[in-house]
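Engineer: So you can see what is in the structure, the chains are spelled out below.
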Amino acid sequence: MTTRHDYREIPVEEYVVDKEPFYISSSDEIEVFEAAYRQRVPVLLKGPTGTGKTRFVEYMAWRLGQSLKVQADGSSSDEGENRRSAGHLPLVTVACHEDLTASDLVGRYLLDSNGTRWIDGPLTRAVKAGGICYLDEVVEARKDTTVIIHPLTDHRRTLTIDKLGEVIEAADGFLLVVSYNPGYQNAMKDLKHSTRQRFVALEFDFPDEEREARIIAHESGVDEKNAELLARLGSKIRNLREHGLEEGASTRVLIYAGRLIKEGISPRRACQVGVTWGITDDSQIQRSIDEVVSSIFP
Amino acid sequence: MSDNEQSGPEPSVRSQKLTVAQIEVELEQYPAPVAERFRMASGTLSGRLAEETLQEWAATGLEIARKTVRSWEAASEFFDASPGVQRQLPSGQFLRWGRTGASLCSESPSLAVAFFKASPAAMLRLRPRYIDDWATVTRSLYRGTWKSSALAARLFESTPQLLETLSFDEFCSFGGFLEVLSRRSYDSAADSLTQGVALFPRLGSDSDHFIALARAVSESSWREIKDLFDSGSDSLVNLPSPQRVALLSLARRLNAMGASDPGALIRAGSKAVSGVPSESRERLLELTDRLASVHAAAAPEFLKSAPGVLERVTFAQLTEWHARGAQISQDNPEAAVAYFKLESASASETLDALSSSIELSRVRDILRMYCQALTGRPIEVSAAQQLADKNIGWFQGELPTTEGTTVYLPSVINRYLTKDENFFFYKVVSTHQVGHIEFGSFEFTFARPSGLFDDLRPDLPGAKKLAAAIESDAQLQQQMELGQSREAREALKHLKDAGAAEAASPEVPAEREFLTDMSRFFSLFPDNKLALDVFTVVESTRVDSLVMQSYRGIVEMYRRVQSTALENRPELDELPARESLVEFLIRWSLGQREGLVAPKEHVETARKVRRLLDRMTSPEATVEDAAEATVRIYSILANVRNEDVDEDEFESVDPDEPSEEGEDQSGGNEEVNRDDVIQQFLEGAQAQSGDEEQSDEGPDSEDGEDSAPAEENYSSPQDIDYRGEFKPELSQLLSQLQLGQGGEMGDEIEGMEPISQEQLEELMKNAPEMDQQEGEDGKEAPNTDELIENLMKELQKRDPQNQQFQQGPMQHVDEDGGPLEASEPNTYVYDEWDFRAGEYKPRWCLVHEKEMADGEPNFFRDTLADNSSLLARIRKQFELVVPEMYRKQKRLEDGEEQDLDAVLEAVIDMKIGITPDEKVYWRRNKTERSVSVAFLLDMSASTAEAIDEAKKPSDDWGAPDDPVEYMVWLRSRRAEGLRRSYKRIIDVEKEGIVLLVNALETLGDSYGIYGFSGYGRENVEYYVIKDLEEKFSDKVPRRIDRIAPLHATRMGPAIRHTTHKLSEVDAKSRFLFLISDGRPQDRGYSREGVEKEYAVHDTRQALIEARNAGITPFCLTVDKSGHDYLKTMMEDFSYEVLPDISQLPMRLPQLYRALTM
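First to last, the sequence lines map onto chains A and B.
Under this note's numbering, read the first sequence as residues 1 to 298, first letter to last.
Under this note's numbering, read the second sequence as residues 299 to 1455, first letter to last.
Treat the hints as calculated values from the structure; they're not laboratory data.
Every residue gets a Cβ at the ideal spot worked out from N, C-alpha and C, and that includes glycine.
Among these hints, one or two may not hold up.
[Stated by the list, open to error] List of simulated lysine-lysine pairs, BS3-like, C-alpha gap at most 27 Å:
1. K163/A / K1217/B
2. K262/A / K225/A
3. K1148/B / K602/B
4. K827/B / K898/B
5. K827/B / K688/B
6. K602/B / K524/B
7. K1148/B / K898/B
8. K602/B / K569/B
9. K1366/B / K163/A
10. K1174/B / K1091/B
11. K143/A / K1217/B
12. K1366/B / K192/A
13. K143/A / K1188/B
14. K143/A / K1366/B
15. K717/B / K602/B
16. K1188/B / K1148/B
17. K1209/B / K163/A
18. K19/A / K262/A
19. K1329/B / K1148/B
20. K445/B / K524/B
21. K46/A / K143/A
[What the hints assert, rightly or not] Label-pair restraints from in silico Cβ distances:
22. V273/A / P868/B: 44 to 50 Å
23. D1430/B / R38/A: 49 to 55 Å
24. S194/A / A1170/B: 42 to 48 Å
25. Q1196/B / T49/A: 38 to 44 Å
26. V273/A / N937/B: 57 to 63 Å
27. T49/A / R857/B: 36 to 42 Å
28. E210/A / F613/B: 53 to 59 Å
29. K192/A / E1216/B: 27 to 33 Å
30. N1124/B / R142/A: 44 to 50 Å
31. S266/A / E1059/B: 55 to 61 Å
32. L1198/B / R142/A: 17 to 23 Å
33. E166/A / D1192/B: 31 to 37 Å
34. D282/A / P605/B: 32 to 38 Å
35. E1087/B / D205/A: 41 to 47 Å
Please take these sequences and the hints and turn them into a complete structure.
Structural biologist: Here it is in structure tokens:
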């Protein structure tokens, strides 16, 4: 009996971005990334939460995959079973957290009924599959991870696996991309210079009102007028950074508010639950933001 | 009678009756007036009295004369008064009167003199049978001293006057009062007598109540008598009689209950009662009365607060507010006092809930964030009055405005019936004001071209001339660079002056430099007052329109505010022509479309200016567009003669009328011809300069046609409530400094020398904004020098390169003197936070750190012994803590047990044949506990109170401000403390510390114990009982013994000093544990001595500083009414109010545990 799932199970290293993700560039970051990829220079993405870093990586994985596809079509590859050679670039994303150790990235032995079995970690898989490995919020990870990262980011492009006594040379398509948010982590968690100087850095910030309105309209499906107002709200709230708010409203919360509006929730209420209450617990600031909301939304 | 007191020279003459004639002879031996007066009196009386009576009368006179050396004066007065008195009295009583006088004379001749002198007038009002009583009452004041006789004599003298209003009974009680008072102070009694004489006629029949009160006060607190009488004459007399009586009896009752300061009560009461409508007056006093029966100390506070409260709520709501307070006073009398003083949070909350008005202070933070969100700049929000108080060019304390960095708003809004609407008004006002900032009103740049119009600005005569000046300036510069000598420079300067003067019309000095682009712009206009008015309308229209386009949610309320504003505008057809047209524009800008009129001959003009104004509603309109529109509208309006127009001569202006020249014309010049405008400005300038030669009143008659008789002086339109005072020139000046982005001029200023006094004077002289003021208010024109000086200070404050000016000693309102210096060893200076000003008073408090002297170790030993069971419990608790501190430490080479995870890994490693990790053990390891805690003990005088005795009201609150009184107060407190055999608050605090010290020693935390007190900002005493780094030794118990109640409580500096100490200690977690018994207070630790909030806010600020330094503060208080102020003081800090102080020793270790583990 076969069961139909409405989900897909994909091995980590085989995940590729099929459809074009929606992305509006703010400057030349696409060209820079493409250039970096061509030269296999690791990329560091800096910027506050919700400024589209992850979306950018997805977009770039798709975009680079497309160009590979063109190449693949042209050169009629012989290894047909690999999805990458069929015109896709695998994207392995690892969200780093404070307990993430090197072996979580590289892999470990697991006990088996008849002994032990080695299992590759996501980084190892990406290295082997020749995809983009995206380490989100990399500073959160334990310090021992940096030792693993370093040889992958210079001319060596190798991954050392102590437990196996192996060194893996990265597949041609492999590129390490990391991101971090310089604002909200404390000084303790700043990226070490020896690490950060192995990357080219792209800075991300919130898009301007007009671009953000387009993003909101696209992502949430809300009408243009409301998207504009949401974008204006976003920029007004971001004015409060440093004046009481730690982080401004991310584009994401604006999109969520937009989705609620699309579902028929009144704009003011949607902003309250989607934006105001999400970004702060301070009742005074909430009230101030509510006033901004009620000024902007009729 | 005093027959037996004979002391006369010839006792024998008394035995036989002398005839009248013989008596006359006897009298001859006294100074002449005696016999003279005798003869005159006997002449009058002989016809009226029987022979015998006359004889007896004469004998009495002689007897008086013989009494003492000086008594002849009395006799003389006796004879003098007799005819008058005799007319009022039957002969028996007449003789009795004489004898009364005689007996007075034997006590004091001067008394008798006064008695006789006053008699004729007094007899008119005094029943004969009261004569003796009169004398007795008055004589009771006499105690053989000069002062007492003078006082009694004065009472005699005043009797006729007094009796005009007082009944005899009332007189007697007044006398009784004087008698009581005179035992304390004759001077005070004499003053009261004088004041009474003046006061009673004004009080009429209510005098008896007043006397009764005075009497009571004289017994309880006689020093307050004078103030009481003062209050009577300055306040009480203004009240209607029924309320007077009620108020007086209230005061008496309160006095009986121990309340002090009846004068203040009378004043407050009179003020409150006269402040309410007559039908509520009785009710107000009734409410007070009812409160008095519950809680005496609260009643006066209620009366005092009532007028203020009534400004915000109706009388019915006041009653509710009162009821809530009365309820509180049943549970917690102390809190009730604070409640009625409007100092407690619950009072304001209740009031807030009742009232629909909104106070700025409540919504300030919300509005501030709102404004910051809108503009993205660090906008502040303040009460408009604060700007007016600064006296830097804004004068209307109640109108909103902004100077580019701060939005100033009215302090209360009570325009609408609901809170929401009132808040919306604030919001609309803020949005408009902040709109000026958001949409760049103050970023006007002269040279930046307009987008909607062809620029006229550079072509106007003033601008051309300026350009010429700048050019020659450049030449000069060149010459300088070429290394010309100074003489050459001088010469060139002359040349330039001459050239410039030639090149342009003569009115403006060619060398004039402009501080702002705005000034430069306004200098173009011959009548810059009209220009400012036009610019104000135009720019406000632009801002309003942009606001409504950007913030659609606020449109509805915005329109509402506009239409309210419209209701208050003057009628168009009542204004002279030009003013009417300006008003027309204002009305149009406020959204009025129907019913607009203009003088018949100017209807076309009205349409023209309206079309110009309408262009400001374009979303692209900039401030430069507004300036261009201003130039055009000005040129049109300046041509309109400001003459009175008959009402019938007005014609309606159709809102929809199409412009006959076509809307589609681009370029923006369809309304006016460019050359005409320029020509007109040129003429205007010349006319003005002509005027200036005649008089200084140039700007008002720029037409130059002085011959026209009907021309009215142009006056500026009345302000619009939500737009407020718009001062672009000053605002630009102030904001460009602070923000450093004021257009081209702003850039220059940054590199420039600081603005000079002369430049400011120039600006003031020419600014239309200053001009406007003088005409308007009628009050005297502000002192320009002072204004400039203030402005200079303000500018220095704002100059980022000039930060040291920011904290001048200008805010010292209460305490004199400036910053202090820590010159002696172990003294430290700290800033103090002034929350009203929103800034620190620099180096304001001097902390003297001393080591506590050694006492006896007994207290420590005894406490431990007395609390052995509690101690055992605490120890146990703390010992339980210890295991909690053990944490599993994994991956050790050796330990208690194997760690399963690690072992598994090791086994796997072995299986696959690589060397396993040897670190497979775990162990409970004592994790390093790194805690440092400072205990800060309040050693204020109030800790001398017994713990089981109800706290005394009133004077426990305030250390008197007067140093002399303070010492008295202090001594009495100390004396009380010594007498006590029971436990005081401080003892309990000490016990708690002893027990905790014991427990802390088992834990091994680093801890310090400090006590603080002091008097005044120069004397914050800080006692070290155990320093943080110090090891426990027998000195510590000895020092604990010496902890004792001292002076006042200035918490801020003590906390700051402790913070300083803690931050020098190396520890992972640091705590500041404040143990206190009441609110912070000290001499001068308030504003104007009343605002206790000041101390609370400074303390709060100190706590915030501590937190910023990585210290966790905690406050434990035993003040039951503490919730009120602690809510403010400790907001978002932890604190605990102990309901029962005896729990402190037990609770302290518990809290410590909870806090640090």
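Engineer: A separate judgement is required for each hint: does it hold in the structure or not?
Structural biologist: Taking the hints in turn, this is what the structure says about them:
1. This hinted pair checks out: K163/A and K1217/B have alpha carbons roughly 16 Å apart, not beyond 27 Å.
2. Note on K262/A and K225/A: the hinted pairing holds, with a Cα-Cα distance of about 12 Å set against a maximum of 27 Å.
3. A threshold of 27 Å between alpha carbons decides the hint, and for K1148/B with K602/B the separation of about 43 Å lies outside it, so the pair is violated.
4. Pair hint K827/B plus K898/B holds up; C-alpha atoms about 25 Å apart against a cutoff of 27 Å.
5. At most 27 Å may separate the alpha-carbon atoms for a hinted pair to count; K827/B and K688/B meet this at roughly 24 Å.
6. For the proposed pair K602/B and K524/B, the alpha carbon gap of about 20 Å is at most 27 Å, so the pair holds.
7. Straight-line distance between C-alpha atoms of K1148/B and K898/B comes to about 86 Å, which puts the hinted pair past the 27 Å bound.
8. Taking the CA atoms of K602/B and K569/B, the gap is near 8 Å; set against the 27 Å cutoff, the hint holds.
9. Among the hinted pairs, K1366/B with K163/A is inconsistent with the structure: their alpha-carbon atoms are about 38 Å apart, more than 27 Å.
10. At roughly 63 Å between alpha-carbon atoms, K1174/B and K1091/B are farther apart than 27 Å, so this suggested pair is violated.
11. Distance hint between K143/A and K1217/B is fulfilled; the C-alpha atoms sit about 20 Å from each other, no more than 27 Å.
12. Restraint check for K1366/B and K192/A: the C-alpha separation of about 24 Å stays at or below 27 Å, so the hint holds.
13. As the CA atoms of K143/A and K1188/B are separated by approximately 18 Å, the hinted pair is consistent with the 27 Å bound.
14. Of the pairs offered as hints, the one joining K143/A and K1366/B holds, with about 22 Å between alpha carbons and a cut-off of 27 Å not exceeded.
15. For the hint linking K717/B to K602/B, the alpha-carbon distance of about 26 Å falls within 27 Å, and the restraint holds.
16. This hinted pair does not check out: K1188/B and K1148/B have alpha carbons roughly 48 Å apart, beyond 27 Å.
17. Restraint check: the Cα-Cα separation between K1209/B and K163/A comes to about 12 Å, which is no more than 27 Å; the hinted pair holds.
18. Pair hint K19/A plus K262/A holds up; C-alpha atoms about 24 Å apart against a cutoff of 27 Å.
19. For the proposed pair K1329/B and K1148/B, the alpha carbon gap of about 18 Å is at most 27 Å, so the pair holds.
20. The straight-line distance between the Cα atoms of K445/B and K524/B is roughly 18 Å, inside the 27 Å bound, and the hint therefore holds.
21. For the proposed pair K46/A and K143/A, the alpha carbon gap of about 19 Å is at most 27 Å, so the pair holds.
22. With their beta carbons about 48 Å apart, V273/A and P868/B fall inside the hinted range of 44 to 50 Å.
23. At about 54 Å, the CB distance of D1430/B to R38/A agrees with the hint of 49 to 55 Å.
24. The supplied range of 42 to 48 Å is broken by S194/A and A1170/B, whose beta-carbon atoms lie about 57 Å from each other.
25. About 42 Å separates the C-beta atoms of Q1196/B and T49/A, a value consistent with the hinted range of 38 to 44 Å.
26. At roughly 59 Å, the beta carbons of V273/A and N937/B sit within the given window of 57 to 63 Å.
27. A hinted range of 36 to 42 Å for the beta carbons of T49/A and R857/B is consistent with their spacing of about 39 Å.
28. The beta-carbon spacing between E210/A and F613/B, approximately 56 Å, falls within the hinted interval of 53 to 59 Å.
29. The hinted window of 27 to 33 Å between K192/A and E1216/B holds, with their beta carbons roughly 29 Å apart.
30. Taken as a hint, the range 44 to 50 Å holds for the pair N1124/B and R142/A, whose Cβ atoms sit roughly 48 Å apart.
31. Range check, S266/A to E1059/B: about 57 Å between beta-carbon atoms, so the 55 to 61 Å window is met.
32. Distance hint for L1198/B and R142/A: a CB-CB separation of about 21 Å, consistent with the stated range 17 to 23 Å.
33. Here the CB-CB span from E166/A to D1192/B is close to 32 Å, well matched to the stated 31 to 37 Å.
34. A C-beta distance of roughly 36 Å is found between D282/A and P605/B, which places it inside the suggested range of 32 to 38 Å.
35. Evaluation of the 41 to 47 Å hint for E1087/B and D205/A yields a pass: the beta carbon distance comes to about 45 Å.
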